[in-house]
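Participant: So you can see what is in the structure, the chains are spelled out below.
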Amino acid sequence: MIRFEPRSNPGPLLVYGVPVLAATIAILLAAIPLALAGAPIVEAYGLMISGAFGSVFSTSEMLTRATPLILTGLAAAIAFRAKLWNIGAEGQLYMGAMAAVAVGSGVIDGPSWVMIPVVIIAGMAVGALMLIGPTLLKTRLGVDEVVTTLLLNFIVLLFVQMMLEGALKDPMSMGWPQSEPIIDSAAFPALLERMRVHIGLLIALVSAVALAIFVKRTVWGFEIRAVGENAAAARFSGISVTKTMILVAALSGGLAGLAGVSEVAGTRGYLATDLSPGYGYAGIVVAMLARLSPIGVIASALFVASVFVGADSMSRAIGVSSYLADLIVAMALLCVLIGGFLTRFRVHFDRKSAQG
Amino acid sequence: MEIIDILLAASFWEAAIRIATPLIFGVLGALICERAGVLNLGIEGIFTAGAMAGWMAVWLGAGLWGGVLVAALAGGFFGLIHAILTVPLGLSQHVSGIGVTLLATSLSYFTYRTALPDVSSPPRIEPFRPLDIPFLSDLPFIGQALFSQTAMTMLALVLVFVTGWVLYRTPLGLAIRAVGDNPSSVEAQGLSVYGLRIGAVVVGSSLMALGGAFLTMSAFDAFFFGMINGRGWVCIALTVFASWRPGKALIGALLFGAFDAFQVRLQTEVGAFLPSQVFLMMPYILSIIALIVVARKADYPKALLVPWFKGQR
Chain S
1 MIRFEPRSNP
11 GPLLVYGVPV
21 LAATIAILLA
31 AIPLALAGAP
41 IVEAYGLMIS
51 GAFGSVFSTS
61 EMLTRATPLI
71 LTGLAAAIAF
81 RAKLWNIGAE
91 GQLYMGAMAA
101 VAVGSGVIDG
111 PSWVMIPVVI
121 IAGMAVGALM
131 LIGPTLLKTR
141 LGVDEVVTTL
151 LLNFIVLLFV
161 QMMLEGALKD
171 PMSMGWPQSE
181 PIIDSAAFPA
191 LLERMRVHIG
201 LLIALVSAVA
211 LAIFVKRTVW
221 GFEIRAVGEN
231 AAAARFSGIS
241 VTKTMILVAA
251 LSGGLAGLAG
261 VSEVAGTRGY
271 LATDLSPGYG
281 YAGIVVAMLA
291 RLSPIGVIAS
301 ALFVASVFVG
311 ADSMSRAIGV
321 SSYLADLIVA
331 MALLCVLIGG
341 FLTRFRVHFD
351 RKSAQG
Chain W
357 MEIIDILLAA
367 SFWEAAIRIA
377 TPLIFGVLGA
387 LICERAGVLN
397 LGIEGIFTAG
407 AMAGWMAVWL
417 GAGLWGGVLV
427 AALAGGFFGL
437 IHAILTVPLG
447 LSQHVSGIGV
457 TLLATSLSYF
467 TYRTALPDVS
477 SPPRIEPFRP
487 LDIPFLSDLP
497 FIGQALFSQT
507 AMTMLALVLV
517 FVTGWVLYRT
527 PLGLAIRAVG
537 DNPSSVEAQG
547 LSVYGLRIGA
557 VVVGSSLMAL
567 GGAFLTMSAF
577 DAFFFGMING
587 RGWVCIALTV
597 FASWRPGKAL
607 IGALLFGAFD
617 AFQVRLQTEV
627 GAFLPSQVFL
637 MMPYILSIIA
647 LIVVARKADY
657 PKALLVPWFK
667 GQR
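Chains as they are written, first to last, in this note's numbering: chain S, 1 to 356; chain W, 357 to 669.
In case anyone wonders, no lab produced these hints; they're calculated from the structure. Keep in mind that a hint or two might mislead.
What the hints assert, rightly or not - Only part of the chain W face toward chain S is listed, based on derived beta-carbon distances under 7 Å:
#, residue
1, I454
2, L458
3, I644
Stated by the list, open to error - Derived DSBU-like pairs (lysine-lysine); straight-line CA-CA distance at most 35 Å:
#, chain 1, residue 1, chain 2, residue 2
4, S, K83, S, K216
5, W, K653, S, K243
6, W, K658, S, K216
Stated by the list, open to error - What the simulated footprint calls covered on chain W by chain S, stretch by stretch (three residues with Cβ under 8 Å from a Cβ of chain S suffice, anywhere in the stretch; the number is not a length):
#, region
7, 460–468
8, 581–594
9, 629–639
10, 648–662
Remember, it's a predicted structure, so these values are computed and weren't measured experimentally. For every residue, glycine included, the Cβ atom is placed at its ideal position computed from N, Cα and C.
I would like the entire structure built from these sequences, with the hints used as guidance.
Facilitator: Now the structure itself:
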C-alpha cells in the first residue's frame with residue numbers, strides 16, 4: 001500500500017534539486033530512443049554537449065536560441081501563476097513579430113534609440129491584445145481560455161501567411177512568402193562581432209529580473225499570486241479578479257510578443273512563417289522546469305536551448321532525427337511534474353494492507 | 357440558388373461525413389474522459405500517435421484492422437500516462453495534457469523519421485476502401501452520402517450509439533458520470549474512483565487515437581508531419597458545444613463537417629476574390645464561435661479538473 005503524506009515545508013535542496021534531477025533524468029532517458037535508433041550513445045551525448053558549448057560560435061547559437069525561450073517562458077510563468085492558462089504564446093509571438101515588421105520595415109524611420117523602442121512597444125502591445133481578448137471572453141462569458149488561445153495559434157499562423165502573400169510581402173523576395181527586412185535603425189545590434197547573439201538576450205534577462213521584482217515586491221504582484229492561489233478568497237478580500245487577470249494577460253501576451261520582436265529584429269531580420277519552431281509551446285516547459293519562478297526561467301531556458309542546439313548539431317553529425325530534442329524537452333516536462341509532486345508529498349510504502 | 361444546389365448534392369454530404377469522422381472519434385474520446393472528471397489535452401498528440409502508429413503497423417504488414425488495433429493501443433498508452441499523472445497523483449490536468457501532447461507528437465515524429473530516414477515522398481499504404489453494401493449502397497442520395505463511406509466511418513457511427521448506451525443505460529455509465537460529478541459519492545458506493553477515472557481516460561484516449569488513424573488509413577494513405585493541424589483542439593471545443601452528450605457530439609461533428617465541406621466548395625466559387633487562408637481559418641474561428649455561443653449555459657461536469665484523493669470526504 002502506498003500512502004502520500006503532504007510535506008509541510010519542503011527544504012531548498014528539494015525545491016532546487018528536483019528540477020535539476022528532472023532535467024537530468026530526461027537527458028538520460030534519451031539513451032533509449034538513441035539506442036533504438038542504433039546510434040552510438042556515448043558519442044551522441046558528446047556531440048550534443050560540444051554542439052551547445054564546444055566553441056564561442058556554438059555557445060552564441062545556444063544563447064540566441066535561449067533568448068526567445070526566456071521570454072515565452074516568462075509569459076507562461078506569469079500567466080500560470082494566476083492560473084490563466086495561456087497556451088497561445090506561439091500566436092502572440094507571431095503577432096508581435098508582425099507588428100514589429102509593420103512599423104520597422106521602412107514605413108517610419110529615425111535613430112536607433114527611437115526605432116528600437118518603437119518596434120518593441122508595437123510588438124508587446126499587439127501580443128498583449130492577443131491575450132486580453134480570450135481573457136475577457138473568460139472573465140465575462142466563461143469561455144475556456146485554453147481552447148481559444150490554442151485555436152488562435154492556428155488562426156494567427158494563417159493570418160501571417162496571408163499577410164506575407166499580400167500587404168507585407170517583400171517585392172524583392174523572388175516569390176518567397178516573406179516580409180520586407182527590418183531596417184537597420186530598428187534592428188537589434190549583435191553583442192559579439194560576427195556572432196548571432198544580440199541585445200534581445202539582455203532585454204530578456206532584464207525582463208526576467210524585472211518580473212521577479214514585480215511579482216515579489218509590488219502590490220500588483222501580490223494580487224496576482226493571491227488570485228492564482230485562491231480566486232474566491234482573493235475576491236473576498238477585495239481584489240478585483242477581472243482586473244488582475246487582464247493585467248496578467250497584458251504582461252504574458254506582451255512578453256510573448258516581445259519574443260517575436262526579438263526574433264524578427266534580432267535573429268532573423270525579416271518575418272516568415274517558419275520564424276518560430278514552437279517557442280511558444282516550449283515556453284510552457286521552460287516555465288514548469290523553473291517552477292514558475294522568473295529567475296529560474298533563465299536557467300531552464302538555457303537548458304532547453306542547449307538541448308535544441310546540441311541535438312541539432314548531433315543530428316547533423318550522425319544522422320539521428322533532431323526530433324530527439326523535442327522528445328527530451330517533453331520528457332523533462334513530465335519528469336518535473338512528477339518531481340513537483342514529490343516535493344509536496346512524502347511517499348510511504350506500508351507493508352500492511354490499508355484498513356478501510 | 358447555387359448554395360441550395362451545393363447543399364442538396366450527395367457528394368457534399370459524403371464529404372461532410374468524411375470530414376466529421378475523425379472529429380466523432382475525438383469528441384467521443386474527449387467526452388468520456390471529461391465525463392469522468394479529467395480534461396485530456398493530450399488529444400492533439402494522441403491523434404498524431406494514432407495516425408503514425410496505425411499507419412506504420414499497416415505499412416509493416418499488420419493489415420488494416422491490425423493497424424486500427426495498434427493505433428488504439430498507442431492511444432491507450434499515452435492515456436495511461438496522463439491518467440496516472442492526473443488521477444492518483446492529482447497533478448495539473450492542463451500541464452500534464454500539454455506534456456502528453458508534446459511527448460506523443462515528438463515520439464511519433466522521431467519514430468517515423470528513424471524508420472524512414474531519407475524518403476523524398478512519404479510511402480503509401482492501401483487504405484480502407486469505400487464500402488459497397490448490396491442494396492444500401494445503391495440507394496439514391498443516402499447510398500452515396502452514407503453507405504459508400506469506409507468501414508472506419510461506420511465504426512465511428514456505431515461507437516456513438518455504444519457510448520450513449522453505456523453512459524446512460526448501464527451501471528458502469530452511471531458510475532462514470534458520477535465520478536465526474538461527485539467522486540466521494542462513488543467511493544461511498546464501494547467503487548474505485550481511481551479505477552473508474554483511469555479506465556475512462558485510457559478508453560477515451562484509445563478512441564482519440566482512432567480519429568488520427570482514420571486520417572492516415574482511410575481519408576489519406578500516408579503520414580505527414582503536422583497533418584493533425586489542430587483537429588484535436590477542435591474536438592475539445594466541440595465537446596463543450598455538445599454538452600458532453602454522444603448524440604449531440606455526432607450532430608456537432610456533422611455540422612462542423614458540413615461547414616468545412618461547404619467552405620471548400622465556396623472557395624472554388626469565390627476563391628478568386630478572397631485569399632485561401634481566409635477559408636482555411638474558418639474551422640478554427642467556427643470552433644471559437646461555437647464555444648462562445650454555448651459558454652453561458654455550458655454545464656461542465658462538476659468535478660472536472662478537480663483532483664480527488666483516496667479517503668477524502
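Participant: Of the numbered hints stated earlier in the document, which are not met by this structure?
Facilitator: Hint check: nothing fails, all pass.
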